[in-house]
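There are 2 protein chains.
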Amino acid sequence: MALLERTGEEVTRTRLAAELGVARSRVETVFPEDGDLFDAITAEWFAPKLAVMDEVMASDLPPRRKMYEFFARRFRLLRQNFRDDPATFNLYVEMGERYFEYARSYIDLGDHYLCELIAEAQAEGFLEGLDVDTAMSLINQMVLCYIQPYMVAMLNERLSEEKLALIVAAIFDGLNAKDGGARGTQDIRAA
Amino acid sequence: MALLERTGEEVTRTRLAAELGVARSRVETVFPEDGDLFDAITAEWFAPKLAVMDEVMASDLPPRRKMYEFFARRFRLLRQNFRDDPATFNLYVEMGERYFEYARSYIDLGDHYLCELIAEAQAEGFLEGLDVDTAMSLINQMVLCYIQPYMVAMLNERLSEEKLALIVAAIFDGLNAKDGGARGTQDIRAA
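Taken in order, these protein sequences are the chains called A and B.
1 is the number of the first residue of the first sequence in UniProt numbering; add one for each residue after it.
1 is the number of the first residue of the second sequence in UniProt numbering; add one for each residue after it.
One or more hints might be untrue.
[As the list claims (entries may be wrong)] Simulated coverage check for chain B against chain A, where a stretch passes if three residues somewhere in it have a Cβ under 8 angstroms from a Cβ of chain A:
(1) 150-162
(2) 172-185
[Said to hold, decoys possible] For lysine-lysine, the following DSS-like pairs were computed, each having C-alpha atoms within a straight-line distance of at most 25 angstroms:
(3) 163(A) - 178(A)
(4) 178(B) - 178(A)
(5) 163(A) - 163(B)
(6) 49(B) - 163(B)
(7) 163(A) - 178(B)
(8) 178(A) - 163(B)
(9) 163(A) - 49(A)
(10) 178(B) - 163(B)
[Said to hold, decoys possible] Label-pair restraints from in silico Cβ distances:
(11) 122(A) - 85(B): 36 to 46 angstroms
(12) 76(A) - 158(B): 18 to 28 angstroms
(13) 25(B) - 157(A): 41 to 51 angstroms
(14) 158(B) - 35(A): 36 to 46 angstroms
(15) 111(B) - 32(A): 49 to 59 angstroms
(16) 76(A) - 10(B): 31 to 41 angstroms
(17) 77(B) - 186(A): 17 to 27 angstroms
(18) 36(B) - 122(A): 48 to 58 angstroms
(19) 105(A) - 10(B): 34 to 44 angstroms
(20) 77(B) - 14(A): 21 to 31 angstroms
(21) 51(B) - 157(A): 29 to 39 angstroms
(22) 14(B) - 51(A): 33 to 43 angstroms
(23) 47(A) - 32(B): 52 to 62 angstroms
Since the hints were made in silico from the structure, they are not lab data.
The beta carbon of each residue, even a glycine, is placed where N, CA and C say it ideally should be.
With the rest of the complex left out, here is chain A (with noise of 0.2 angstroms):
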């Protein structure tokens, strides 16, 4: 990761004994392929992450609290990763997209720590009326500018911890099964 990070460019098996002076043979002993490659790099990209969700998950907060904390705390790590080095976060960003596979069972993890959250939520009487898969899905669809790398980068100083939890409070005190009259049935007329 650190020639990665030197270089702005994917790192192979080749590259990587070139610059280790080894031989290719003693890279691919660790890594025999090179997709061990991709996930080991996957992983080491993912463990503060997983580490700040699990912190989240093991503690006592109230639902609100909690699922602000789940999102602000990633929010946090990927803010300061991409303030320290915007061209390495953006070629992160690119082998994501390119080897989204690899990532695949860290966003499981995700979506099903949320479904936990979830859980707790309903059972204090928010979220009313939605199924899990549902409810999940809005609201990682609500909160995505705050976890999808991409968007992180993208719109940088117009994210904060202080519109982050106006959004959870939205989520909290608004997002149900009803939609209040949103779509209607009847079409537009001209005022």
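Fit chain B to the known structure of chain A by using the hints.
Just chain B now, kept in the frame of chain A:
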């Protein structure tokens, strides 16, 4: 734009002249600078989106319905553009990132309209205590996946009018200047 769609590549004035079998000077009469060509492409891309926004703004719908239609009609156009031709759509997205300044005035107009919708909502007691700029930023963030072309392409099947209506309802029923304790003051404790 037909040339761009057929070749999957950006069009310059030189390529356009070659394609049309006319002298470059003839193309330069219409587009004195390359920027004039980008301007024209941007205008064509935004024209149908502006038309639906104008139509909604001219209607006499109640605020919640109006805000839903404001986003839903653009979302449907973007989704249709993407599904009709994903490769061309992604090319426009990339061009939009590279030549962002050409799109600026259209995005500003959308924000200007959204401010009107916020004023109408606040006149009926919604979005309480939020200044217009903060409300605009929060709402744009909450519906981002439905209006940001890159996210419309990426999320595709996971986006729906039903979900957008529930998000708009959460904006009206749950978004205001209070986070209800989401941020809290104390740090998290282990359970």
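Consistency of the hints with the structure:
Note: the segment 150-162 of chain B has 7 residues with beta-carbon separation from chain A under 8 angstroms; the three-residue rule is met and the coverage holds. Here's how the segment 172-185 of chain B fares: 13 of its residues keep a CB closer than 8 angstroms to some CB of chain A, so the rule of at least three is met and the hint holds. Pair hint residue 163(A) plus residue 178(A) holds up; C-alpha atoms about 24 angstroms apart against a cutoff of 25 angstroms. Of the supplied pair hints, the one linking residue 178(B) and residue 178(A) holds, its CA atoms being roughly 22 angstroms apart against a limit of 25 angstroms.
With a CA separation close to 21 angstroms, the supplied pair residue 163(A) and residue 163(B) stays within the 25 angstroms bound. The suggested pairing of residue 49(B) with residue 163(B) holds, with an alpha-carbon distance near 21 angstroms, which does not exceed 25 angstroms. For a cut-off of 25 angstroms, the pair hint linking residue 163(A) to residue 178(B) stands: about 10 angstroms separates their Cα positions. Between residue 178(A) and residue 163(B) the alpha-carbon distance is near 10 angstroms, which keeps this suggested pair within the 25 angstroms criterion.
Taking the CA atoms of residue 163(A) and residue 49(A), the gap is near 21 angstroms; set against the 25 angstroms cutoff, the hint holds. Simply put, residue 178(B) and residue 163(B) have alpha-carbon atoms about 24 angstroms apart, close enough for the 25 angstroms limit, and the pair holds. Evaluation of the 36 to 46 angstroms hint for residue 122(A) and residue 85(B) yields a pass: the beta carbon distance comes to about 41 angstroms. Here the CB-CB span from residue 76(A) to residue 158(B) is close to 26 angstroms, well matched to the stated 18 to 28 angstroms.
Between residue 25(B) and residue 157(A) the C-beta distance comes to about 45 angstroms, which sits within the given range of 41 to 51 angstroms. As the Cβ distance of residue 158(B) to residue 35(A) is approximately 27 angstroms, the hint placing it in 36 to 46 angstroms is violated. Taking 49 to 59 angstroms as the suggested C-beta distance range, the pair residue 111(B) and residue 32(A) conforms, at roughly 52 angstroms. The given range of 31 to 41 angstroms is respected by residue 76(A) and residue 10(B), whose C-beta atoms sit roughly 37 angstroms from each other.
For the pair residue 77(B) and residue 186(A), the beta carbons lie near 21 angstroms from each other, so the given range of 17 to 27 angstroms is met. Range check, residue 36(B) to residue 122(A): Cβ separation about 56 angstroms, and the 48 to 58 angstroms hint holds. Taken as a hint, the range 34 to 44 angstroms holds for the pair residue 105(A) and residue 10(B), whose Cβ atoms sit roughly 37 angstroms apart. Distance hint check: the CB atoms of residue 77(B) and residue 14(A) are about 46 angstroms apart, inconsistent with the given range 21 to 31 angstroms.
For residue 51(B) and residue 157(A), the hinted distance range of 29 to 39 angstroms is satisfied, since their beta carbons lie about 32 angstroms from each other. Restraint check, residue 14(B) to residue 51(A): a C-beta distance of roughly 53 angstroms breaks the suggested window 33 to 43 angstroms. Range check, residue 47(A) to residue 32(B): about 54 angstroms between beta-carbon atoms, so the 52 to 62 angstroms window is met.
When the structure is compared with the earlier hints, violations turn up for hints 14, 20 and 22 and for no others.
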